[in-house]
Amino acid sequence: MHGIYDVSVRVALTVVVTVGTLALLVVGCGSSSPKAAAPTPPAAPSKPTCAYPGGWQRLADRINADVYCPGWLPDPLTAQIRGKWNNMNSVDPDRSYLESFVWQETQVGINGVGGELHVNLRGYPGKTAIPRCLGGANDTTWISCFADPRGTVTANGLEATLYTVNQDADQWHVLLAWRHEGGLYTVSEHLAPPLNYRKLLVYLKHEFRSLVVISPSA
Amino acid sequence: MARKLTRREVIAGAAVGAIGATGVYELVDRLTTSSPKRPVVGALPPEQHLLDGLRFVHQDGVEILVPPLHHEIVTARVAVDRTEILNAQGAFEETLASIEADYAPSPVGLGVTVAWGLPYFNRFVPGQSGRLIPFDRRARKSALLDARLFPSDPEDTLLEQNEVAILLRSDVRSNIDDALGRIQDTKLLEVTSLRRGFVGGGFEGRRSLPKQMAVAAGVRGADLIPDNAELFLGFTSTQRAALGPGKIANFETLGLVDLRGSDYFREGTHMHLSHITEDLEAWYVDFAYGERVASAFHPGLDVKPHTQAIPMGPNEVSTGADVRRHYRATGQIGHSAPIQTTSRLPVDLRGADGATYPKGTAIPIRADFNTLDNPFFFSSRPGEVQAEPVAGVHFVVFNPSSDDFHRNRLAMDGVLPDGKIALPPRDRGQGFNSILRTTHRQNFIVPPRRHRSFPLAEL
Chain A
1 MHGIYDVSVR
11 VALTVVVTVG
21 TLALLVVGCG
31 SSSPKAAAPT
41 PPAAPSKPTC
51 AYPGGWQRLA
61 DRINADVYCP
71 GWLPDPLTAQ
81 IRGKWNNMNS
91 VDPDRSYLES
101 FVWQETQVGI
111 NGVGGELHVN
121 LRGYPGKTAI
131 PRCLGGANDT
141 TWISCFADPR
151 GTVTANGLEA
161 TLYTVNQDAD
171 QWHVLLAWRH
181 EGGLYTVSEH
191 LAPPLNYRKL
201 LVYLKHEFRS
211 LVVISPSA
Chain U
1001 MARKLTRREV
1011 IAGAAVGAIG
1021 ATGVYELVDR
1031 LTTSSPKRPV
1041 VGALPPEQHL
1051 LDGLRFVHQD
1061 GVEILVPPLH
1071 HEIVTARVAV
1081 DRTEILNAQG
1091 AFEETLASIE
1101 ADYAPSPVGL
1111 GVTVAWGLPY
1121 FNRFVPGQSG
1131 RLIPFDRRAR
1141 KSALLDARLF
1151 PSDPEDTLLE
1161 QNEVAILLRS
1171 DVRSNIDDAL
1181 GRIQDTKLLE
1191 VTSLRRGFVG
1201 GGFEGRRSLP
1211 KQMAVAAGVR
1221 GADLIPDNAE
1231 LFLGFTSTQR
1241 AALGPGKIAN
1251 FETLGLVDLR
1261 GSDYFREGTH
1271 MHLSHITEDL
1281 EAWYVDFAYG
1291 ERVASAFHPG
1301 LDVKPHTQAI
1311 PMGPNEVSTG
1321 ADVRRHYRAT
1331 GQIGHSAPIQ
1341 TTSRLPVDLR
1351 GADGATYPKG
1361 TAIPIRADFN
1371 TLDNPFFFSS
1381 RPGEVQAEPV
1391 AGVHFVVFNP
1401 SSDDFHRNRL
1411 AMDGVLPDGK
1421 IALPPRDRGQ
1431 GFNSILRTTH
1441 RQNFIVPPRR
1451 HRSFPLAEL
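Going down the list, the sequences are from chains A and U. According to this note's numbering, the stretch in the first sequence is residues 1 to 218, in order. According to this note's numbering, the stretch in the second sequence is residues 1001 to 1459, in order.
Treat the hints loosely; a few may be bogus.
[To be verified] Derived list of chain A stretches under chain U, where covered just means 3 residues or more per stretch with a C-beta under 8 Å from a C-beta of chain U:
#, stretch
1, 138 to 145
2, 165 to 176
3, 180 to 187
[Unchecked claim] Which bits of chain U does chain A cover? Going by a derived footprint, with three or more residues having C-beta under 8 Å, they are:
#, stretch
4, 1245 to 1255
5, 1278 to 1286
No lab work stands behind these hints: they were computed from the structure. Because the structure is a prediction, the values reported are computed rather than measured. Glycine is no exception: its CB is placed at the ideal position from the N, C-alpha and C atoms.
When you get a sec, could you build the whole thing from the sequences and use the hints?
Structure (structure tokens):
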């Protein structure tokens, strides 16, 4: 960074898949961040497109199930798997996946710009039940990974439920979850500056409306 | 929706004329077009801390007391010297009586409670207070002690030294403003702080004041407060069975304190006042509803989602054994449950007022209210008031003594009568302490109405 941003650090987190990094990310999601001006999402595209289909296609092929590529993410994030904002590209043995995209401005410049934008996309092929996570007072109790439903959002033939209390990498995120082809899918956004709850909902719904389904190659 | 007022506008208003400023709280009147229906009130009770004309409603099958919508606390230092306090006593009583003549002592009128701190007694009436301030038999100490820090309090919590605190409660904001103006006009007090707030307003199905005010102020987490929540944290605090009934918190009722062979403070009580900030975003984004219930009450409650009033009457009281069992099973102790080990009657008891209070009856009478003060609406301490509104509570509670309050507050931190539960301060398992931060504390005596003005000055 240059000029007035010399004191700030724009973090392009490298692509990692380690549990340790996930833990760091979760801690970061619970912390407060400096103020920033939030960009406004563009008008909803008439037909969403996946700008980086290659990585998402490889993911769909790897898990042999549909995946959802975000047609829009807040600037500067892009939906490029293994791109500079993709800090988590993880597939578990049960074929569930987590793609995480994060931008952080850890210090405040003289114009007050800073904060964090963090979007997670998950899929649980072959499972429609909400998964269980360790949580509670001492992280020793198995609890629902997504809790406190607050209504639904419908777009592109999908009906998603909004959850406001979420766990693990989605802790302190607001999340939309929907079912598709016998699987459960989610998109979540971190509630932290520059976003407040209302702005976050605008972003999250726009991300949901912009999803593009990518099916495995024949 | 009314225009959003910034805290900076509020402070600007305060600078012009602190006691007359209404700032962001003007919004409260714009948000409440009418007072809830209230019963007709009778004669003035001898107690200052009891409000007449309170209405009860049912919510989630629980009987709820409907508190006054608007609250304000004035703290002050006496502005006259020792030679003038007898005259001051008469003049101040005249002002208070004139307020009472114009406003019934109820939510539709105005509740006025004048409380006095140790600095007043020590500066003006040290001899008289040494002889007559009630003595706590159980603690073997005065019924009025300096405030103390508790394990979950931040180290920078300020233990205040105000000489007087005046609690004003009404459904009509302008009634409070009028009384404030009259009190200020006496020039007998130098205001050290103004603390404003609100509670309820949602029992008739409307959006409650805490919800509307928090949203209007742009407090983080405000949008997640249930629409009709009585308080920011989403649970109803004023259920009848969880508040001390009638005269139970009077000095004389339970025999907890010795009146020192005098009736001077009979029908008086003790008041604790503190300010606590609340991290609403953490409460609503990091605690699922079930954990919020477990944190606010106790683990193991099977409650239908969105329930706000959860029964905490004599039949639902937790014992120390219950709290330890919860802790062993879940690592949590909750909030109400540990406090109940010290705040509820352990046996049936017939009070000095002739009433029979069954085992499990609550002793403290809470009068807390939400606020956006950071930490106060006005403070005489330069730089203390911050521009950014912050969700919080001005906690007001009437107990028979300082020690009685201290025991309850210690229990909230897991320090129970039969030993301490080994939770670190502000641990997530320790009720909702992890989202609270206390900023100020002080204890006061509330004399009976007949001695509310400069108590003991005439002796």
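Next on the checklist: For a quick check of understanding: which of the numbered hints are violated here, in increasing order?
Outcome noted: Violated hints: 3, 4; rest satisfied.
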